[in-house]
Amino acid sequence: MMGSESTLRTNAWPSKLRRIRALVVKESRQTLRDPSSLAIGVVLPLILILLFGYGLSLDVKNVPIAIVMESPTPEAVELAAGFSLSAYFRPVLTRSMPPAQRLLLEHRVDGVFVIPADFSSRFAAGDAEVQLIVHGGDANRARITEGYVQGVLGAWTARLAAQGRASTNQGVSVSVQPRLWFNEANDSSYFLVPGLVVLVMTLIGGLLTAMVMAREWERGTLESLLVTPVRTEEILLGKTLPYFVLALFGFGLCVLSAKFLFHVPLRGSVWVLLGASMLYVLIALGIGLLISSWVKNQLVASQLTMLVTFMPAFMLSGFLFDLRSMPTAVRLITYALPARYYVALLQSVFLAGDVWSVIVPNTLALAAMAAALALGSRAVMRKTLA
Amino acid sequence: MNTFLGSLLRILALTRKELLAVLKDRRSRMSLLIPPVVQALIFGYAATYDLNHVTYAVLDQDHTAASRQLLAGLDGSGVFERVADLQRANDVDSIIDARRALLVVQIDPQFERHLLSGQSAEVQLIADGRNSTTAGTAMGYFSDIVEQFNSSWGRDHGVAPAPVQLIARAWYNPNLETRWFMIPGMIGTLTLLQTMMLTAMSVAREREQGTFDQLLVTPFRPFEIMAGKALPSMVVGTIQAGGVLLVAQLWFRIPFVGSYGTLSTGLLLFLLAAVGIGLLLSAVAATMQQAMLYSMLLIMPFSLLSGLTTPISSMPRAVQYLTAINPLSYAIDITRRVYLEGAGLDLLIADLWPLALIAALTLSAASWMFSHRMQ
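For the record, the sequence lines run as chains A and B. Quick note on numbering: the working numbering labels position 140 of the first sequence as 140, and the sequence is numbered without any gaps. Quick note on numbering: the working numbering labels position 91 of the second sequence as 1091, and the sequence is numbered without any gaps.
Chain A on its own, in the form it takes in the complex (with noise of 0.2 Å):
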């Protein structure tokens, strides 16, 4: 009696592994013959990362601006032809204002610049105006193109100033040197390809567990599953395994594009931006599983893993918009979205390097947060099964 307790409590252990494993066993069998959740984990990372890494970009270019030219004096002839030496403009000449203000509301021009007839006479004066009336629309590409066209304003003065026909003493005064630290070519893609991956890996994470768990609930084949002697976090641990080895295989697919096709640096450890990748995921799974237990609907539970993670990862996270200047009561439910603190941890391993007063605190933020999760989706799956 004595020895056949002792065995059954040192078999309790291999046993539990038993379980797991030929759960895990089943789980990838079926992962890998159905297409839809290859399609989630390898397709769709693919196809996101390429079409996106591709086509967002911040980086303005090719600005059109029509170039009003009242007369056309050498001085005047002389600054528009800064224009087109620029290759930030793609200018447009016209004469006359009206022509230039049809192009402005068509669309054809972004903004609209204007040397007046009396130009030449008052820059011999030292008083001269020109006039630039920008699409306000897109409010950051008009800012953008503001300077630019300082800076067009800017050669042409120096060039004359070089030549000796303005006066050198004009304007003289505070420089600025700016430097970019860390994306010294100003090149959008630098941060825009990290947070990519962040929105990438949520989506796909939160999908195949909600979807397919959403589908077994439909299914009632958990039910059945849940009537063996299969314990609860067995079943959660047999269910996220084969998905997150799936949706780590996204990610790596992500970074290999990300270095070789983007040629985004990496110069933080791969080590690192393996560690948080891997709590991220197991939260990105987490929330659909969560997600699943509790709408058990596959309608409701990919549009609400839609809803709960994806959009907020694009729009809350600082993958694009500066959290800072966020009202105080929007920054407060930043801190409750994982992909924030990824997406720090993703843009200083990619561009800055190991900064550990960056990556300790967000690392620590993720664990908690997976943490978290698991404990609930334990409990709500035991909740639904009472």
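Hints are computed from structural coordinates only; laboratory data are not their basis. Just so you know, not all the hints are guaranteed correct.
Said to hold, decoys possible - Taking CB as the label site, the calculated pair distances span:
1. B:L1023 x A:M278: 34 to 44 Å
2. B:V1083 x A:R33: 39 to 49 Å
3. B:L1020 x A:M97: 56 to 66 Å
4. B:A1013 x A:E106: 44 to 54 Å
5. B:P1174 x A:N62: 33 to 43 Å
6. B:G1242 x A:P327: 49 to 59 Å
7. A:M97 x B:P1174: 47 to 57 Å
8. B:L1008 x A:H263: 37 to 47 Å
9. A:A124 x B:P1174: 24 to 34 Å
10. A:N62 x B:L1019: 42 to 52 Å
11. A:E106 x B:R1016: 53 to 63 Å
What the hints assert, rightly or not - Output of the computed footprint for chain A on chain B, the stretches with three or more beta carbons under 8 Å from beta carbons of chain A:
12. 1003–1016
13. 1120–1130
14. 1223–1235
15. 1309–1322
This structure is a prediction, so every number in the text was calculated from the model and none was measured. In this text, a Cβ means the ideal position worked out from N, Cα and C, and glycines have one as well.
Based on the hints, put chain B in the right spot on chain A.
Chain B alone, transformed into the frame defined by chain A:
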């Protein structure tokens, strides 16, 4: 005449039944009406490239009246917040690395001397480029402050102003607020997801549950079934778009300068195209899961490559061609131009006909597939 009336009545009956199925359940009613409005509220605040809070650190190696005047301009702007006064150049690295400051302003020891002797004085500006758009905007704000400093310094010390002054104005959005640009664009974006999915799923669900066959033995013709599936989604989409429009006008107070008729025309065509795509997907898909997967695969690129957050003109040419089949890119252009510029139908032709074409193609393809499969 009678057949037409009968057809219309049948379509309306089906529409009513579909709407009841979607709206009678409180949970599903809420899940259709609440998300767009809540998202518009939250994202309306979040989705802006404007900065109102730029953290910066100073390494002032000059400590003179001139350097203090420059920094006072920063601190008084209401946008810049000084988080640290650095003593050594070595501290710059750590404060940027840890993301405590977005900018570091470094003033050289000779700053005031250079200014007084009529030379150019330099200020180093180091920005955290991990988000280069944010960094670029912050640098632009900083340059504006320096401009102000320059002109007031020039006035006080008798330096002549630059020979050419640039007078810049922004039309349609005088204060250059990105919010004005983003929120009208969200009217289409936030309605696309559920409108398209609702349509794609409605037929797929009936087919999976076997009720589609039952529908086929009724006197409904394929065209009528399709219209009966399309109309409810369009009603839902219209309500959602109206909700977002109300948020834009009443909550964010963005002035609407266009005509509601023009906007409705554009949005109706957009919803028709979205519903057409949804119907086509549900005609192609065999199961609900496939229908869902296909709609996800389309909705993601549609919403990210729509020009909402990143301009289409910055995309590579090949991707720009791809956006030609994206109904959302036209809808966003229409809502923005009607909303902010008051554009009339004549200016929007270039956006309207592609939407009409997408709607016509997808709807007739879906209709063909439905009648084809039924035989």
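Okay, the hints, checked on the actual structure:
Between L1023 of chain B and M278 of chain A the Cβ separation comes to about 43 Å, which falls inside the hinted range of 34 to 44 Å. Checked against the hint of 39 to 49 Å, the pair V1083 of chain B and R33 of chain A fails, with Cβ atoms roughly 55 Å apart. Remark: the range hint 56 to 66 Å for L1020 of chain B to M97 of chain A is upheld by a beta-carbon distance near 58 Å. Taking the beta carbon of each, A1013 of chain B and E106 of chain A are about 45 Å apart, inside 44 to 54 Å as hinted.
As the Cβ distance of P1174 of chain B to N62 of chain A is approximately 26 Å, the hint placing it in 33 to 43 Å is violated. As the Cβ distance of G1242 of chain B to P327 of chain A is approximately 25 Å, the hint placing it in 49 to 59 Å is violated. In this structure the supplied range 47 to 57 Å is violated for M97 of chain A paired with P1174 of chain B, their Cβ-Cβ distance being about 19 Å. The hinted window of 37 to 47 Å between L1008 of chain B and H263 of chain A is violated, with their beta carbons roughly 59 Å apart.
Checked against the hint of 24 to 34 Å, the C-beta distance between A124 of chain A and P1174 of chain B comes to roughly 33 Å, which is consistent with it. N62 of chain A and L1019 of chain B have their C-beta atoms about 48 Å apart, which keeps the hinted 42 to 52 Å range intact. Checked against the given bound of 53 to 63 Å, the beta carbons of E106 of chain A and R1016 of chain B, roughly 43 Å apart, lie outside it. Under a criterion of three residues with beta carbons nearer than 8 Å to beta carbons of chain A, the stated coverage of the region 1003–1016 of chain B fails, only 0 such residues being counted.
Coverage of the region 1120–1130 of chain B by chain A holds. Counting CB-CB distances below 8 Å, 11 residues qualify, and the rule asks for three or more. Counting residues of the region 1223–1235 of chain B whose CB lies closer than 8 Å to any CB of chain A gives 0, which falls below the minimum of 3, so the coverage claim is violated. Under the rule that three or more residues need a Cβ within less than 8 Å of chain A, the assignment of the region 1309–1322 of chain B holds, with 10 such residues.
Hints 2, 5, 6, 7, 8, 11, 12 and 14 from the earlier list are contradicted by this structure; the remaining hints agree with it.
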